[in-house]
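Colleague: Residue numbers (our numbering), protein chains in the order written: chain G, 1 to 359; chain F, 1 to 358; chain U, 1 to 263.
Worth flagging that the hints you see were computed from the coordinates, not collected in a lab.
Quick caveat: nothing in here was measured; it's all calculated off a predicted structure.
Worth double-checking, as some hints may not be accurate.
Unchecked claim - Cβ-to-Cβ under 8 Å is the rule here; a few derived chain F residues that face chain G:
#1 R84
#2 D86
#3 Q87
#4 I93
#5 A101
#6 G114
#7 I176
#8 P177
#9 V179
#10 N338
#11 A344
Virtual Cβ for every residue (Gly too), placed ideally from N, Cα, C.
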Amino acid sequence: MTAANEAYDELVTEVLPAHERYLSRISKSFTLLILFAIIIVFALREGSSFFNARNFNDIIIDSSQLVVLSVGMTFVIIAAGIDLSVGSILVLSSVVAAQVTIALSGSPQDIAKFQFPTQSVGIPIGLLAGVATGLLCGMVNGLLITRLQVPAFIVTLGMLGIALGFGQLLSGGTSVPNVPPAIQSEIGLRELVAFDVGGQRVRITPPVVIAYGIAIVAALVLNRTRFGRYSYAIGSNAAAAMRAGINVKLHLVKIYTLSGLLAGVAGAMDLMRFGTASVGSHQADNLAAISATVIGGTSLFGGIGTIGGTVIGAFIPTVLRNGLVIARVQPFWQNVAIGAVLILAVYLDQRRRRAEERM
Amino acid sequence: MKTVERFDTTVSRRTILRASVYAGAGLTLFAPLGFRASARQDSFNIAFIQGVIGDNFYITMDCGARAKAEALGNITIDTQGPERFDQTLQTPILNAVVQSAPSAIMMAPNDRQGMIAPIQAAIDAGVPVLCVDTTIDSDIQLGDVATDNVQGGRLAGRGLADLIGGTGKVFVVNTIPGVSTTDQREQGFREAIESEFPEINYLGQEYDNDDANLAAQITAARLQSDPDLSGIFGTNLFSAQGAAAAVREQGLQGKVKIVGFDAGPTQVQDLRSEVVDILIAQHPGDIGEIAVQLLHDFLTTGEPLDPKDYVTGATIVTRDNIDDPEVARYLYVADCANYTLANAEPMPAASPVATPTA
Amino acid sequence: MASSVESALQPVLEARGINKHFGPVQALKNVDLSVFPGEVVALIGDNGAGKSTLINVLTGVLPLESGEIVFAGEQVRFSSPHEARSHGIETVYQDLAVAPHLDAVANIFLGRERRQSGLPGIAGFLDNRRMRKETDEQLSRLKVRVPDLERRLVTLSGGQRQGVAVARAVMWASKVVIMDEPTAALGVAQTAKVLDLIRQVRDTGIPVIFISHNMPNVFQVADRIVVLRLGEVVTELDPKSATIEDAVAAMTGSTRFSNRGVG
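Given the sequences, and given the hints that come with them, work out the whole structure.
Modeller: Here it is as structure tokens:
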């Protein structure tokens, strides 16, 4: 051991206050820097076409589902797992939510006439049914992974097909028609809070509240609770966690259930935003959620990650695409740019982390 | 107070600086590669949002739009679109396009219901929207330009009847129930067969959920139950390909005639290699030209469209006529170098293009 | 340093007639081992002698096949390492079994986190401040130096990580501490610290069993040396009178200490 290493053995027990620790973590984060760089570049190039309240409002609303899916994915990847089925669970949940809503909103004759007398009962129960569907699918994922000892990649890949298939079976392969429009007008698009910024109307809708409320709660759980601590421990060294007496299998079931639950929430959000359950969509949501999580600093090998990073990671491709469309860049170049930024962001983050680590 | 060692500060500050420079430079480099709008005051900029990018149908539509724009002289076109036919992908693109302040938008909405709200928001922001190819269950848009799919189905019926000699059994392999375009194709086919060819027995239709394998299974089953089947109409690419595969597997190629829809490079190759016998080509180039013409008229005069709905035709393509210039011009292109201006005239629709899905 | 081997105290842990097979291979044959309060017992032997197997049976990682284990006067049969821990036996594994991406505090309290009182505690909220304080006290008591309690273990040196792993075992052990190759990957300074730690633990009255290949270390700190060979206890040595050569000879089976009793 060198003298330098000996010097490190200085006993220092000072603990930084919480806010300083957080700031220090953020200042080391390249992800936030990259997001700022993207915003600044587009603000300079496109001016107020890009840099206006309405545009950012649209971005926040449009990325709400991705944020919800990515929060679930963060827990899964921190625990060294993976969930490829989130897009399909979302689709199945939205189909179930749509059909339960329709079934409980009126008799078949009413529906045929596009009337929904009992929708005040049908809509809430329908949305809850969608969320419950997601929870169930997630639980099945967790049980199959832990009981059958089949790798998570394979189980969730299988669930991707199974959930999507059930969604197609239930809906007949098409979008579900005859959903009460109130689900969109009264809930999905309802302006809970609206105010003017620089002459433009900024609106906070339920999907925004849901998404960022979930993110905040998730950050608290991940950082301050035993559930979060165990997720990190299992991802870091599952064997050590087991030896420490943690019920690793039970915890993994909980984590996949959580991921499925959040996919169900995203499915309900889809229904309330678009007024229909479309079976053909969301095919690549799983990769988008994984990208967002990884760009945000979560390690695919487990043990490292934050919700804040994930939210930033969700914004980076969204803002990038938004800016490139406004700048009228051809769509195919957009994909090149987003792929390049993904690699750059993860590379910088890994480099920083490796600089700190010692074998 | 002892200081805690932040041993990485000097290193990361340098790297932070470097990283932002790289990021900023890199991103600025990308922008010149896009199409930039010319001065927005004395000319009009139309944004075309395709149903999905990379599809020859929409590429041809884009070529038509650009050819007409060039002919008119004061219009530029910017094209965007989602990677998949998915409203969750198309919505943020529409929102961003609105931010780029085009004079008008022509778009193929990915969902009849789901896209109503975002389109309404675009209109509220002062950008008129014209629907092309697909449409929404509403009348807020400036208008609609789409293929008359019923007519396309009729042409398919007549073309097939011709090939099989006016007599025999025919059958339709359809894709997904409830999709208006393919439903209308079957409708036209059925009308033509039942009213014009009494000697032909129409056996009905089955759905393959837009899956070629399922189409093949359905066709094989049908060939078992009706060995004297003469012709099959596949209402879209996968349906026609699946049906053709089943026919070939049973060695009935040439004996059972197959009509497919759309004339992209894949379909044309199928036609030339005798996988299918007839293609019904839509006229996406016409749609693009007419849409730009209508928007130009609206933007210059300010008068809303009347009528609002327009249709374009379809063309029967066979191995015999595929090299006729009059037919070849309607084959879908992969790039605009091969596109020639058609100068199609806007044809008002006989009945509203947008039919509610009840 | 006082050896309590001759005292009339009851053994803390006593294993009698332990046998263990892995398929047709007999890994342990009729092994007896007793550990008394306040002593350090070194378990040595060549590769494959059965040292780790014996430890794993004692701590419940492997199921007991035949023989009996008496712990604090009671006969026990541990079905999991968790059970062994609940009886006060703590183990420091050769691979440390720490979560490298967590910090020292999290690792020390792994599986035994302190929760906040009241409703937040029921919801699972952790009392991080209390855990930090207790970790700080424990580490300074053991003179283990960690530059920053908040840093992930993977950013610390091997010796510091070892210190955390040992501190964890020592903090929670109430009856026995077991260590598997505690100095294997360490430099001179760190090794000295670990040996100091072992002595400190012993001085509190808690016995330490440790496995090691490092003869000088063994002779420096052990009160008693148990030699295993091919699954059997060959002999016990007193480090004050025996030499390293004796130990090596016993491990490798020289005629002096052969089980066949020749010589």
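Colleague: Which numbered hints turn out to be false for this structure?
Modeller: Hints 10, 11 are the ones this structure does not satisfy, whereas the remaining hints hold.
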